[in-house]
Amino acid sequence: MSALSDNLVTFAILTYLIAMISHAVEFALGNARTRVAVASPARELVGAGVGGAGGVLPEPPAPVPPTADGAARRARIAGLVAVAATALAAVLHLAALVTRGLAADRMPWGNMYEFVLTVTFIGVAAWLVVLWKRPSLRKLGLFLTLVMVLLVATAELVLYVPIVPLVPALNSYWFVIHVSTIVFASGIFLLGAVPAVGFLMRNGYEQGKRSFPYTLAKRLPSAVSLERLTFTLHAFAFPIFTFAVIAGAIWAEAAWGRPWGWDPKETWAFISWVVYAGYLHARATPSVKRNVATWIAVLGFLTMLMNLFGVNIFFTGLHSYGGLN
Amino acid sequence: MTVVDDRPEAEAPAPRRRPNRLLALLRNSWRQLTSMRTALILLFLLAIAAIPGSVLPQRGISPEKVNQYFVDHPDWAPRLDRIGAFQVFGSVWFSAIYLLLFTSLIGCITPRLRDHVRALRSRPPVAPKQLARLPQHAVLQAPAGGAAAVAEVLRKRRWRVEVRGDEVSAEKGYLKETGNLLFHTSLIAVLIGVALGSWYGWSGNRLLVAGADNAFCNTRQQYAEAKLGPRVDSGDLPRFCLRLDDFQARFLPSGQPEFFNARVTVDGPDEPTRSADFSVNSPLRLADASVYLLGHGYAPVIRYTDRFGNSQVSDEPFLTTGDMGLTSEGLAAFPDANVDPATGKRTPGEQMAFTGIYLPTAPQQAPFVRSEYPTERNPALNLVAYRGNLGLDAGIPGSVYQLDQRQVRNGKVKEIGSKLLRKGEKWTLDDGTTVEFLGTERYVTLSVRHDPGSTPLLVSCGALLVGLMGSLFGRRRRVFFRVAPADPANGSPTGGSSLMEAGGLPRTDYPGFADEFAQLVTAVSGADGAAERAGTDADSSDRAGVREGTE
Numbered sequence: 001m002s003a004l005s006d007n008l009v010t011f012a013i014l015t016y017l018i019a020m021i022s023h024a025v026e027f028a029l030g031n032a033r034t035r036v037a038v039a040s041p042a043r044e045l046v047g048a049g050v051g052g053a054g055g056v057l058p059e060p061p062a063p064v065p066p067t068a069d070g071a072a073r074r075a076r077i078a079g080l081v082a083v084a085a086t087a088l089a090a091v092l093h094l095a096a097l098v099t100r101g102l103a104a105d106r107m108p109w110g111n112m113y114e115f116v117l118t119v120t121f122i123g124v125a126a127w128l129v130v131l132w133k134r135p136s137l138r139k140l141g142l143f144l145t146l147v148m149v150l151l152v153a154t155a156e157l158v159l160y161v162p163i164v165p166l167v168p169a170l171n172s173y174w175f176v177i178h179v180s181t182i183v184f185a186s187g188i189f190l191l192g193a194v195p196a197v198g199f200l201m202r203n204g205y206e207q208g209k210r211s212f213p214y215t216l217a218k219r220l221p222s223a224v225s226l227e228r229l230t231f232t233l234h235a236f237a238f239p240i241f242t243f244a245v246i247a248g249a250i251w252a253e254a255a256w257g258r259p260w261g262w263d264p265k266e267t268w269a270f271i272s273w274v275v276y277a278g279y280l281h282a283r284a285t286p287s288v289k290r291n292v293a294t295w296i297a298v299l300g301f302l303t304m305l306m307n308l309f310g311v312n313i314f315f316t317g318l319h320s321y322g323g324l325n
Numbered sequence: 001m002t003v004v005d006d007r008p009e010a011e012a013p014a015p016r017r018r019p020n021r022l023l024a025l026l027r028n029s030w031r032q033l034t035s036m037r038t039a040l041i042l043l044f045l046l047a048i049a050a051i052p053g054s055v056l057p058q059r060g061i062s063p064e065k066v067n068q069y070f071v072d073h074p075d076w077a078p079r080l081d082r083i084g085a086f087q088v089f090g091s092v093w094f095s096a097i098y099l100l101l102f103t104s105l106i107g108c109i110t111p112r113l114r115d116h117v118r119a120l121r122s123r124p125p126v127a128p129k130q131l132a133r134l135p136q137h138a139v140l141q142a143p144a145g146g147a148a149a150v151a152e153v154l155r156k157r158r159w160r161v162e163v164r165g166d167e168v169s170a171e172k173g174y175l176k177e178t179g180n181l182l183f184h185t186s187l188i189a190v191l192i193g194v195a196l197g198s199w200y201g202w203s204g205n206r207l208l209v210a211g212a213d214n215a216f217c218n219t220r221q222q223y224a225e226a227k228l229g230p231r232v233d234s235g236d237l238p239r240f241c242l243r244l245d246d247f248q249a250r251f252l253p254s255g256q257p258e259f260f261n262a263r264v265t266v267d268g269p270d271e272p273t274r275s276a277d278f279s280v281n282s283p284l285r286l287a288d289a290s291v292y293l294l295g296h297g298y299a300p301v302i303r304y305t306d307r308f309g310n311s312q313v314s315d316e317p318f319l320t321t322g323d324m325g326l327t328s329e330g331l332a333a334f335p336d337a338n339v340d341p342a343t344g345k346r347t348p349g350e351q352m353a354f355t356g357i358y359l360p361t362a363p364q365q366a367p368f369v370r371s372e373y374p375t376e377r378n379p380a381l382n383l384v385a386y387r388g389n390l391g392l393d394a395g396i397p398g399s400v401y402q403l404d405q406r407q408v409r410n411g412k413v414k415e416i417g418s419k420l421l422r423k424g425e426k427w428t429l430d431d432g433t434t435v436e437f438l439g440t441e442r443y444v445t446l447s448v449r450h451d452p453g454s455t456p457l458l459v460s461c462g463a464l465l466v467g468l469m470g471s472l473f474g475r476r477r478r479v480f481f482r483v484a485p486a487d488p489a490n491g492s493p494t495g496g497s498s499l500m501e502a503g504g505l506p507r508t509d510y511p512g513f514a515d516e517f518a519q520l521v522t523a524v525s526g527a528d529g530a531a532e533r534a535g536t537d538a539d540s541s542d543r544a545g546v547r548e549g550t551e
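These protein sequences, in sequence, are chains A and B.
Anchor point for the first sequence: position 39 equals 39 in this note's numbering, and the numbering is continuous, going up by one each time.
Anchor point for the second sequence: position 125 equals 125 in this note's numbering, and the numbering is continuous, going up by one each time.
This is chain A alone, in the form it adopts within the complex (with noise of 0.2 Å):
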């Protein structure tokens, strides 16, 4: 079962990166189509502002001149594939999850291999109801897909540990209550980055900057629609980051005989979760630009990151349950 687990995820990787490279197709193909868009520059500002007034189509019919024609189709059905190899590597990745969990004999969240394999999984399957509810964003996939084979494939070639029993400091209900919300918690603002970062991008191609990184959100849905996107991940997740915080200190309190210690894990939580405080009040400020919001956005992404691979690798401390040492 452990080893099947570990094929699983095998997979799911290569299943990933075949959905990161459909998405791929579908951008480079979408660049042939706007070569042609060229002719009319302004349509493209007013299409991304103005558009779609009517109804929620998932894919309005854009008037393309018959050049471009193939390129788009192709371009659709590159795209259409790179979402089913999603699902199908989310599927994967699921199993992989299950399987490691039954061959533990528990909820596979004991160590930073599982823990990094189900945060991926809970940022993929969010990804798939965002999809599912505003399949305008497809081509954020490929940004998505991209941190999925890089997360998944250090977990599988960095952390990588064998299967063993929790320690009887983790065995308890809270470990239940305090992994698995802190788990959904990262998993939601991981796929809270991916948007935020789309958005930074996206939002400096929209003012006409066309040097490196702003090139790229050429084919990214409106910044607006993006900006929105992230503001909703993140408002979800944080409650759910401050539940689970909160979980974490009474489980403290009762394994360690108080709620906060400053352990260095507790600590970096703390950052992440002022940082995080300091978007949301950033972007509920309409004086704060929404760019400068959003960096605070992938600031605090950033420390969640180091929360989890600086914390367990440089620190040692109360929640080393990494099993890396």
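I should point out that these hints are in silico values taken from the structure, not numbers from a laboratory.
Hints may be right or wrong, so weigh each one.
Stated by the list, open to error - Straight-line distance between alpha carbons at most 20 Å, and here's what the computed EDC-like set of lysine to aspartate or glutamate pairs gives:
| # | chain 1 | residue 1 | chain 2 | residue 2 |
| --- | --- | --- | --- | --- |
| 1 | B | K65 | B | E329 |
| 2 | A | K289 | B | D509 |
| 3 | B | K426 | B | E441 |
| 4 | A | K133 | B | D515 |
| 5 | B | K412 | B | D431 |
| 6 | B | K414 | B | D430 |
| 7 | A | K133 | B | E516 |
| 8 | B | K156 | B | E167 |
| 9 | B | K156 | B | E516 |
Dock chain B against chain A, hints included.
Same frame as chain A, but now just chain B:
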């Protein structure tokens, strides 16, 4: 408030002559402090200030690592210490940031609380003249009941409704501001809970060896280290005693722990006598204290028989060295050894001490320095014997777990040999005295704590969460309906019956408002398709943005 006074002091010379300028400065400083911009900056300072607390060792968490840092970085450590880098979370600058932040917070929410109470008690405002200018606007056929019927529909949907003649004003979503204020007030309550805990709480750590002779009672002297809050006196500690009766531990073949259980007898004036079990994650809850199991180990029982035939037994705990196999190090000191029973005269140079490494599962062959498994599969005690003046009478505080190395260095204590002992084995030293390894006792590392702030903390955290959700997911919005007199000249499709104009105003960022408004208009008009949306539709551009731009 002291915080605000700080600012003008720095720029004091000029304002003293003109007091109104001082007042203005104060007022401006206060405004500055309570502005969102300042709050954001303080939030970031707080996040940045917390970083050294995770990078550098902290006295409150691991004092031994701080000492090690001083040894490793003799030039840097004192400088860092001066700015409180080893006690970040109690340092002046960290406290300054969060106190400023909370002052800013109070300054921000107090007027908002007042405004919100006022808003809760006031009626929805009069409808604006030009409903068409609102972000949402619709013209619909007026329902038969007119304004009253509209009000009824809105009330059913839990809007706060005010009817003024032909006009209906309604507002909803006060929960957002209520939640927001609750969240921020809870943050203050959390801080108070933490403060209560540190003022009125206390804690103590100690090792407890199994057996009736080793029972301890809850007094400050009985703890290896004790921390009492500033408002706690030694006499305030609840009176109870604990005796470790049994300790069980199970391990996996890999040596990873799987299960712990400690059984103690609780006794004392403040606690009924009883037997109780506790473990990691399930502390022993007493009336005014909790007992936490933090660790465990072995205390070798060592008997030394001196030249006069007198035997003494030591069962001091050997401290674990942190490896999987519970390799433990410790000291058995016999300062009263070799005292002539006839004269009672002490010969300081004849004191005995044994340092040792205890291996619960010793390897099959040398070197015997590392245990292979945490349970006693092949117990062995590697002892080093010392004779001489142990330096215990000098009055210099020393560790009970380590031999005073100064006495070894200055030659007052001499090493006289070493030997590996199995359980029950006896070692005869050069002077004919014997040392015997009788067996081991289990010991546990306990933390006994009381935190009166924990209940307020829990309650305020719950309130914080509820408030946060209200704040994030609540949406304040207003709708207005106005029955317009029929205007045949306009060529109305409804043919002469009265029309109604509706307008909607989301007061907070709310992308779904257009949909809600449309549903509301449909419900009010009572028929599908009667609503005819017009005007600037703020939301449609939003949704268009969400959808792909049509290139």
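In ascending order, which of the hints set out earlier in this document are inconsistent with the structure?
-> Structure breaks no hint.
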